[in-house]
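Starting from the known structure of chain A, arrange chain B on it as the hints suggest.
The listed protein sequences derive, respectively, from chains A and B. Quick note: the first sequence uses our numbering, first residue 1, plus one each step. Quick note: the second sequence uses our numbering, first residue 1, plus one each step.
Hints are computed from structural coordinates only; laboratory data are not their basis. Careful: at least some of the hints might be erroneous.
Claimed, not checked - Derived SDA-like pairs (lysine to any residue); straight-line CA-CA distance at most 20 Å:
hint: 1; chain 1: A; residue 1: K128; chain 2: B; residue 2: R180
hint: 2; chain 1: A; residue 1: K128; chain 2: B; residue 2: E141
hint: 3; chain 1: A; residue 1: K143; chain 2: A; residue 2: K83
hint: 4; chain 1: A; residue 1: K83; chain 2: A; residue 2: G58
hint: 5; chain 1: A; residue 1: K83; chain 2: B; residue 2: E141
Unchecked claim - Distance windows between CB atoms, simulated:
hint: 6; chain 1: A; residue 1: T127; chain 2: B; residue 2: A124; range: 47 to 57 Å
hint: 7; chain 1: A; residue 1: R20; chain 2: B; residue 2: E108; range: 34 to 44 Å
hint: 8; chain 1: B; residue 1: G5; chain 2: A; residue 2: A87; range: 51 to 61 Å
The structure presented is a predicted model; accordingly, all values stated were derived computationally and were not measured. Idealized CB from N, CA, C, for every residue including glycine.
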Amino acid sequence: MSATTSRGWDRQQMADRLAREFQDGWIVNLGVGIPTLCSNTDIGDRDITYHAENGVIGYGPVLPPGQEDLHLVNAGGQNVSLKPGAAIIHHADSFAIIRSGHIDVTVMGAYEVAANGDFANWKMGGTKGGGIGGAMDLAACAKRVFIILEHTTRKGEPRLLRACTLPVTARGVVTLVATNLGLFAPSGEGFAMRELAPGVSFEAAQQATGAPLLPA
Amino acid sequence: MSRRGKGVGSFAEAVADIPDGATIAFGGFAGPGTPYNLTKALLAQGARRLTCIANTTGGAHQPRMPDIGMLVENGQVAKVVCAFTAATRPTDVLPFTPFYERGEVEAELVPQGTLAERLRAAGAGIPAFYTPTAVGTELAEGRETRMINGREYLLEYALPCDYALIRAWRADAAGNLQFRLSQRNFCPLMAMAAKTTIVEVEEPILPTGALDPDQIHTPGIFVHRLVPIPPAPEALWTARRQERTA
Numbered sequence: 001m002s003a004t005t006s007r008g009w010d011r012q013q014m015a016d017r018l019a020r021e022f023q024d025g026w027i028v029n030l031g032v033g034i035p036t037l038c039s040n041t042d043i044g045d046r047d048i049t050y051h052a053e054n055g056v057i058g059y060g061p062v063l064p065p066g067q068e069d070l071h072l073v074n075a076g077g078q079n080v081s082l083k084p085g086a087a088i089i090h091h092a093d094s095f096a097i098i099r100s101g102h103i104d105v106t107v108m109g110a111y112e113v114a115a116n117g118d119f120a121n122w123k124m125g126g127t128k129g130g131g132i133g134g135a136m137d138l139a140a141c142a143k144r145v146f147i148i149l150e151h152t153t154r155k156g157e158p159r160l161l162r163a164c165t166l167p168v169t170a171r172g173v174v175t176l177v178a179t180n181l182g183l184f185a186p187s188g189e190g191f192a193m194r195e196l197a198p199g200v201s202f203e204a205a206q207q208a209t210g211a212p213l214l215p216a
Numbered sequence: 001m002s003r004r005g006k007g008v009g010s011f012a013e014a015v016a017d018i019p020d021g022a023t024i025a026f027g028g029f030a031g032p033g034t035p036y037n038l039t040k041a042l043l044a045q046g047a048r049r050l051t052c053i054a055n056t057t058g059g060a061h062q063p064r065m066p067d068i069g070m071l072v073e074n075g076q077v078a079k080v081v082c083a084f085t086a087a088t089r090p091t092d093v094l095p096f097t098p099f100y101e102r103g104e105v106e107a108e109l110v111p112q113g114t115l116a117e118r119l120r121a122a123g124a125g126i127p128a129f130y131t132p133t134a135v136g137t138e139l140a141e142g143r144e145t146r147m148i149n150g151r152e153y154l155l156e157y158a159l160p161c162d163y164a165l166i167r168a169w170r171a172d173a174a175g176n177l178q179f180r181l182s183q184r185n186f187c188p189l190m191a192m193a194a195k196t197t198i199v200e201v202e203e204p205i206l207p208t209g210a211l212d213p214d215q216i217h218t219p220g221i222f223v224h225r226l227v228p229i230p231p232a233p234e235a236l237w238t239a240r241r242q243e244r245t246a
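In isolation and in its complexed conformation, chain A is listed as follows (with noise of 0.2 Å):
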């Protein structure tokens, strides 16, 4: 990892910052990977919903081993707990909800984030495979799509880019991006800077994005 990508927020705090941005009241539905850690972030009050898309409405923290029940995990298999209020519902009616426009917000990692909002996070370059799970569902259904990615790739490479070069998994639909960088809008153009993490510089965020950054 070059030093450019080691400094910043690590992985929690990506998803902290995120987290901040959620509203009292909304349906969040994290997918896997860092976006999980958004539900342990201390929110203070606001009421927030945790969605997964195997069917679990109002899951809390991951529970220790030895205390978790083995019938009931989230969309990254992580064994939770329920919250008061919770329900179970199967797969066809947990997309029912995604498709309606329940869902206030959908928060999901991926490999690469455009400046027109388009994003890739299914299919890497050169493999026949692919793992979509219920992104392309979230991405095109959700009312908002946040993405929390590290800013760079393990050689150094951009992640947020003017246009996507591996397969996309929805166009034009990411608004907000958390990365151990800071805290970036897409706009068409480039990013807007919404934020920067402690120690950061504009100038060094800009040489590891592959887009115009536009200062707040």
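Quick look at chain B alone, frame taken from chain A:
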């Protein structure tokens, strides 16, 4: 409702008639609802040229449990229909992946909500439907779309199957099922979509009428064979519970 019991004596007996070329749906999402014991019996039974429908081909996590990836390794699978034909983390390699990369098995990659709805449609007498999912992506290339009320939708076809293999928590002898927590996932939809639904059941099978009619998740109309799961280690429970038993 028929009062003749649907209980079958063994997992082997329950899957004995599955022929070569059958289309089989496998329940489960990240563990709960996965029919490990019926899958193990199908590995021993040996039916070939199968089309396997499931969320994933499995095998991303240890300890390894019977899954579609094992059926592929055993030379039993012609095609899979799944929401994952590769792991989401590029560094993870599913056991299925090398067989797919070498062209030894076909795959149809389907978004998870579309997979669920295609199964539901098959079980509901709906031959096809339009969905906004996957519009504008590689998956929609060359396929029929339609503008409805100003938005573009993709045509998707129902996904009927010959057999569904699922796991439930409780059943009565008439085949009425209850699932526990996230065990439900795809299982009720697969039961609807299949001509023959075979269920491995965690609790001892109850007499017909013992379940509250208001609390049935899948009615016995969609269920044909029930096999109670013996205690571990004789039978397979969840991977985590298996780990503890071992």
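How the hints compare with the structure:
Distance check on the hinted pair: K128 of chain A and R180 of chain B sit about 36 Å apart at the alpha-carbon level, beyond 20 Å; violated. With a C-alpha separation of about 16 Å, the suggested pairing of K128 of chain A with E141 of chain B holds against the 20 Å cut-off. With a CA separation close to 24 Å, the supplied pair K143 of chain A and K83 of chain A exceeds the 20 Å bound. Using a Cα cut-off of 20 Å, the hinted pair K83 of chain A and G58 of chain A holds, with the two alpha carbons roughly 6 Å apart.
About 42 Å separates the Cα atoms of K83 of chain A and E141 of chain B, which puts this hinted pair outside 20 Å; it is violated. For the hinted restraint 47 to 57 Å between T127 of chain A and A124 of chain B, the CB-CB distance of approximately 35 Å leaves it violated. Checked against the given bound of 34 to 44 Å, the beta carbons of R20 of chain A and E108 of chain B, roughly 40 Å apart, stay inside it. Look at G5 of chain B against A87 of chain A: about 32 Å separates their beta carbons, and that is not inside 51 to 61 Å.
The structure shown violates the earlier hints numbered 1, 3, 5, 6, 8.
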